[in-house]
Amino acid sequence: MRVFFIAALAALAFVAQPRAAGQDRGAPARAPEAAKASAPLDLTGYWVAFVSEDWRFRMVTPRKGDYQAVPMTEQARKIADAWDPAADEAAGNQCKAYGAAAIMRLAARFHITWQDDNTLRVDSDSGMQTRLLHFSSPPPALGERTWQGYSTAQWQRPASLKVATTNLRAGYLRKNGVPYSENAAVMEYFDLAPLPGPKGYPGQVLLVTTIVDDPQYLREPFIVSSQFKKEADGSKWDPTPCTAR
Amino acid sequence: MGSNAVHRKMRCSAGTTLAAVFLCLFACRNVAAQFEITGSWAARNHEFLTGDGLPVDFTGIPLNEEGRIRALSYSQSQLAMIERQCQGWPAFYLVQGPFGLKIWSETDPLKGNVISYVIGAWEDRAPLTIWMDGRPHPSEYAEHTRAGFTTGTWEGNTLVAYTTHMKAGFLRKTGAPSSDEATMTTRFYRHGDILTILGVIEDPIYLAEPWILSRSFQLSPAALAPIGPPCITTYEGSVGPTAPHYLPEKNPFVDEMTKKYGVPREAAVGTPETLYPEYRRKIQAAAPVR
Numbered sequence: 001m002r003v004f005f006i007a008a009l010a011a012l013a014f015v016a017q018p019r020a021a022g023q024d025r026g027a028p029a030r031a032p033e034a035a036k037a038s039a040p041l042d043l044t045g046y047w048v049a050f051v052s053e054d055w056r057f058r059m060v061t062p063r064k065g066d067y068q069a070v071p072m073t074e075q076a077r078k079i080a081d082a083w084d085p086a087a088d089e090a091a092g093n094q095c096k097a098y099g100a101a102a103i104m105r106l107a108a109r110f111h112i113t114w115q116d117d118n119t120l121r122v123d124s125d126s127g128m129q130t131r132l133l134h135f136s137s138p139p140p141a142l143g144e145r146t147w148q149g150y151s152t153a154q155w156q157r158p159a160s161l162k163v164a165t166t167n168l169r170a171g172y173l174r175k176n177g178v179p180y181s182e183n184a185a186v187m188e189y190f191d192l193a194p195l196p197g198p199k200g201y202p203g204q205v206l207l208v209t210t211i212v213d214d215p216q217y218l219r220e221p222f223i224v225s226s227q228f229k230k231e232a233d234g235s236k237w238d239p240t241p242c243t244a245r
Numbered sequence: 246m247g248s249n250a251v252h253r254k255m256r257c258s259a260g261t262t263l264a265a266v267f268l269c270l271f272a273c274r275n276v277a278a279q280f281e282i283t284g285s286w287a288a289r290n291h292e293f294l295t296g297d298g299l300p301v302d303f304t305g306i307p308l309n310e311e312g313r314i315r316a317l318s319y320s321q322s323q324l325a326m327i328e329r330q331c332q333g334w335p336a337f338y339l340v341q342g343p344f345g346l347k348i349w350s351e352t353d354p355l356k357g358n359v360i361s362y363v364i365g366a367w368e369d370r371a372p373l374t375i376w377m378d379g380r381p382h383p384s385e386y387a388e389h390t391r392a393g394f395t396t397g398t399w400e401g402n403t404l405v406a407y408t409t410h411m412k413a414g415f416l417r418k419t420g421a422p423s424s425d426e427a428t429m430t431t432r433f434y435r436h437g438d439i440l441t442i443l444g445v446i447e448d449p450i451y452l453a454e455p456w457i458l459s460r461s462f463q464l465s466p467a468a469l470a471p472i473g474p475p476c477i478t479t480y481e482g483s484v485g486p487t488a489p490h491y492l493p494e495k496n497p498f499v500d501e502m503t504k505k506y507g508v509p510r511e512a513a514v515g516t517p518e519t520l521y522p523e524y525r526r527k528i529q530a531a532a533p534v535r
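Line by line, the protein sequences give chains B and A. Under the numbering used here, the first sequence has 62 at position 62, and the numbering climbs by one with no breaks. With positions in the second sequence counted from 1, the corresponding number in the numbering used here is that position plus 245.
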């Protein structure tokens, strides 16, 4: 009987021990499994924003001074009060509201694909932006700041994606000039859900929780969650350039 | 008892032990996949789910024709009617409302397993009990309440709750209606100190398609005190023999959103097509920036 107990304890220890790929003690070093191969959820496909929240901030460009619900600093408010879309157009900054801190809140479609085994690509039709979510580590030396910055991605078991983005160009959280600085850091979580419940509508929802941390222009992290419905194909994909208005 | 019988009994007992250990392993792994949902979750209110408070703001709600007609007939003077005073705070309000969540669990005193999670009342919203013990939903003829009846299960590390048996009320306090056939599927995701709730509301009577909402909360180091009791009716004067309402095409507030924010009327009254990006492109020229 003692033998069985020892066997049971050994099995317990073996199965319960937390292990990660390539970290087996005594085993030859293995290359980390590619993100694509180890994906615990499939985010690829066409996704359309379902604008059931913040409608008047997302579907129409809010008027200057309408900053409801954004925890702005006084400095940010002064900048937003001086918002001038014509000046942004003249300076070639039409995409300021399409940066990584705000893009998933746009009324837009997104196409998610694997660019390679360790890079998830997110394209938007509105503004025609491309985000690259890098699973490989460590990140390379950061280059020029861009609207989409540099994003590192990590699977969160059992079924979630965590994305951290920095190295951004300063942009707008809302189209009417609510600013974020180039020092803003964006954390996102991607989750999936069936749509919806027991009565059965075929479909899937992508939920993206976005946390923007910007001590310069935000009194506290700005937290929003956006939902997207999966579309069967790209028949409604409609690339349009950025607009400042 | 002979030695063979003793050995057989021991082998049987050891086999049972092994099976129990492996069962425990699977069970423990499942439990480990769940997160701690109890505690105080502070509202951050960076999203705007309740509408502007203007009488006709149904933006973002995919109402069907019947829902739209009913919504436009609503007069806020109905709040003077005792039987209608609490319509504005159904279970949906936990995703929409501006308040934080205080969540606790009720456990079996002997086994320690969770029987239910309770999301405490806040202002006018009733407490929501999520039954985790596998009990079925009641008969379709059972009583409907403000909070409804909710069961929950863990799917991986997501708590999934399903609510039925709600009283007819409002999808939004400004009068967008919900029927007593409405249901809500709620999924709770936790990432660090952020709790995000995804709510999918179905209503075969008033919605053209499921209404999907989400909202995030942040773990609060300080305990939130639930504020209650939930909606208590009170006499606010007689409103006469009929429910205050507006006849079709007679709602005087139907263009308030257009006047104040440049929102087209078809969006203000919750037309389903206005929830999709192509609608923005359609109206871009018609909604000048001021």
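In case anyone wonders, no lab produced these hints; they're calculated from the structure. Using N, Cα and C, we set each Cβ at its ideal position, and we do this for glycine too. Where hints are given, some of them may not hold.
Facing chain B, a subset of chain A residues (Cβ under 8 Å, in silico) [to be verified]:
| hint | residue |
| --- | --- |
| 1 | Arg289 |
| 2 | Trp399 |
| 3 | Leu443 |
| 4 | Ala453 |
| 5 | Trp456 |
| 6 | Ser459 |
| 7 | Thr503 |
| 8 | Glu518 |
| 9 | Arg526 |
**OP:** Against chain B, run the beta carbon of A/Ala453 and see if the smallest gap drops under 8 Å.
**Re:** Since the shortest Cβ distance to chain B is 12 Å, the answer is violated.
Original post:
Can we keep the A/Leu443 interface hint, with Cβ of chain B closer than 8 Å?
Top reply: holds, 5 Å
Subject >> Agreement of hint A/Ser459 with chain B interface, Cβ distance less than 8 Å >> reply: Hint on A/Ser459: holds, closest Cβ of chain B at ~4 Å, below 8 Å.
**OP:** Tell me if A/Arg289 is really an interface residue toward chain B, meaning its C-beta lies closer than 8 Å to one of theirs.
**Re:** A/Arg289 check passes; min Cβ-Cβ to chain B is 5 Å, inside 8 Å.
Original post:
Against chain B, is A/Glu518 within 8 Å by beta-carbon distance?
Top reply: Given a least distance of 11 Å, the restraint on A/Glu518 is violated.
Subject >> Interface restraint verdict for A/Trp456 against chain B (beta-carbon cut-off 8 Å) >> reply: holds, 6 Å
Original post:
Can A/Thr503 be said to touch chain B, with a Cβ gap under 8 Å?
Top reply: violated, 10 Å
Original post:
Does the CB of A/Trp399 sit less than 8 Å away from some CB of chain B?
Top reply: violated, 11 Å
Subject >> Status of the A/Arg526 interface restraint (C-beta, 8 Å, chain B) >> reply: holds, 7 Å
Checked against the numbered hints above, the structure breaks hints 2, 4, 7, 8 and satisfies the rest.
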